[in-house]
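With the hints as constraints, model all of the structure from the sequences given.
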Amino acid sequence: MKKSTHIFIFIASLLPVSIQAAEVSVYKNEQSGLLTWTSEDNGFSIELIQLLPDFVYAVYSKHDFPKPEIDRINTYCVFGSIIKNTSPQQISYKVSDWTYVDTAGNEHPVKTKSQWLEEWRKAGIKFSWTLLPDTGTFEVGDWQQGFTTIKLARDTEFDLNYTWTLDGIAHKGTLKNLRCAPEHIKQP
Amino acid sequence: MKKLSALIPALLFMTVFTVNAAWEQPTLGYTLSPLSKPVEAPNFKLEDMDENEYDFSEYRGKVVLLNFWATWCPPCKREMPSMERVYQKYQGDNFTVIGVNQMEDGDRIFSFTGSLDTRPTFDILLDSESKVSQAYEVRGLPTTYLIDKQGKIRYRAIGGREFDHQEVEKIIQSLMNE
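Protein chains in written order, with our numbering: chain R, 8 to 195; chain L, 8 to 185.
Hints in this document: simulated from the structure, not taken from any laboratory. Worth double-checking, as some hints may not be accurate.
[Said to hold, decoys possible] To spell it out: a stretch of chain L is covered by chain R in this simulated footprint if at least three of its residues, at any positions, have a beta carbon under 8 Å from a beta carbon of chain R; those stretches are:
(1) 74-83
(2) 144-151
(3) 162-168
[What the hints assert, rightly or not] No farther apart than 27 Å at their CA atoms in a straight line, the calculated lysine-lysine pairs in the DSSO-like style are these:
(4) K183(R) with K35(R)
(5) K133(R) with K44(L)
(6) K177(L) with K44(L)
(7) K69(R) with K156(L)
(8) K133(R) with K84(L)
(9) K84(L) with K35(R)
(10) K138(L) with K129(R)
(11) K44(L) with K69(R)
(12) K101(R) with K44(L)
(13) K101(R) with K138(L)
(14) K179(R) with K158(R)
(15) K118(R) with K138(L)
(16) K156(L) with K96(L)
(17) K52(L) with K159(L)
(18) K52(L) with K133(R)
[Unchecked claim] Label pairs and their in silico Cβ distance ranges:
(19) S122(L) with D162(R): 49 to 59 Å
(20) E125(R) with G99(L): 44 to 54 Å
(21) R79(R) with M110(L): 30 to 40 Å
(22) T93(R) with E144(L): 16 to 26 Å
(23) V33(R) with G68(L): 48 to 58 Å
(24) T128(L) with A130(R): 36 to 46 Å
(25) N50(L) with T93(R): 30 to 40 Å
Heads up, the beta-carbon is just placed ideally off N, CA and C, and yes, glycines get one too.
Right under this line is the structure:
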């Protein structure tokens, strides 16, 4: 092994990146059958909640979105997402660093709020809320919620890779076997 | 007929919102984060639901809890009663609460506040184009700032809080006593 390779490995080993197994819990709403995944690790809690297309439709109808635009949003699988700082230090996240992996193993970037807003502006929509902010810097006790959109069909599985920093130290996490909500509530 | 058609999205929203009730789970905390370097709170002029104009500079000399919110935002709704309680407790002592609503009209806000068990009596202003929230660099709702009597932002909270918690009241009292 070349000396330069040894140096690279040594430097890489010092980089402040940690990958640890997070605690993941899955909650099933007995009434609706909809699932919620929660993972917490190194001060970062992420919760993804399946949302029905009807719910998404109702939210954006309430904000007077044109129907074609709502239909377009509903070609994505939409989750309610809640990010919380569970640590006594500062955390930050950047959605543009997050990816999802489909069942074929292909990795895709998660669409950001800024990307949506740019498209909405072109469609003449001024409304700029409901989506999870692209970036967040959370102090003690801070948390935020908003929609996260994944370009996959109903009822399909995927893994979400996400990153954050805790007090300046970078961390990674993966939520495995997430599933897009079905078209409708499944009757028992 | 027009009123009925306006109601349909709201009714649909309420129905499917119940199905997605897990959206409302997080408990509200009480920590406010101090800014390491207090900054001047951007000035603004906004109207309330009765089209009365308010100039933020006229609040100078009071401690202001400035809350950015919307009716569709679950934690905004949950923290509002605590904002009203803290407002009722300290409003005569150089303290006030201002709710800055994002992109909604007066009718919708009036209907919403009327549905609350505790109807807010503090000032609610309409940021109909979200320009004020942009000036305050608000990325998500709710976001709240605590502004001192000199008009400096001293504390910030992202996400819902219980504003009448004793720890928050201690901070408010300390700013009022400066």
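Here's how the hints hold up against the structure:
{"no.": "1", "hint": "74-83", "verdict": "holds (count 5)"}
{"no.": "2", "hint": "144-151", "verdict": "holds (count 3)"}
{"no.": "3", "hint": "162-168", "verdict": "holds (count 6)"}
{"no.": "4", "hint": "K183(R) with K35(R)", "verdict": "16 Å, holds"}
{"no.": "5", "hint": "K133(R) with K44(L)", "verdict": "33 Å, violated"}
{"no.": "6", "hint": "K177(L) with K44(L)", "verdict": "20 Å, holds"}
{"no.": "7", "hint": "K69(R) with K156(L)", "verdict": "38 Å, violated"}
{"no.": "8", "hint": "K133(R) with K84(L)", "verdict": "23 Å, holds"}
{"no.": "9", "hint": "K84(L) with K35(R)", "verdict": "25 Å, holds"}
{"no.": "10", "hint": "K138(L) with K129(R)", "verdict": "19 Å, holds"}
{"no.": "11", "hint": "K44(L) with K69(R)", "verdict": "39 Å, violated"}
{"no.": "12", "hint": "K101(R) with K44(L)", "verdict": "24 Å, holds"}
{"no.": "13", "hint": "K101(R) with K138(L)", "verdict": "23 Å, holds"}
{"no.": "14", "hint": "K179(R) with K158(R)", "verdict": "22 Å, holds"}
{"no.": "15", "hint": "K118(R) with K138(L)", "verdict": "24 Å, holds"}
{"no.": "16", "hint": "K156(L) with K96(L)", "verdict": "18 Å, holds"}
{"no.": "17", "hint": "K52(L) with K159(L)", "verdict": "17 Å, holds"}
{"no.": "18", "hint": "K52(L) with K133(R)", "verdict": "20 Å, holds"}
{"no.": "19", "hint": "S122(L) with D162(R): 49 to 59 Å", "verdict": "35 Å, violated"}
{"no.": "20", "hint": "E125(R) with G99(L): 44 to 54 Å", "verdict": "47 Å, holds"}
{"no.": "21", "hint": "R79(R) with M110(L): 30 to 40 Å", "verdict": "21 Å, violated"}
{"no.": "22", "hint": "T93(R) with E144(L): 16 to 26 Å", "verdict": "24 Å, holds"}
{"no.": "23", "hint": "V33(R) with G68(L): 48 to 58 Å", "verdict": "52 Å, holds"}
{"no.": "24", "hint": "T128(L) with A130(R): 36 to 46 Å", "verdict": "39 Å, holds"}
{"no.": "25", "hint": "N50(L) with T93(R): 30 to 40 Å", "verdict": "36 Å, holds"}
Checked against the numbered hints given earlier, this structure breaks hints 5, 7, 11, 19, 21; the rest are met.
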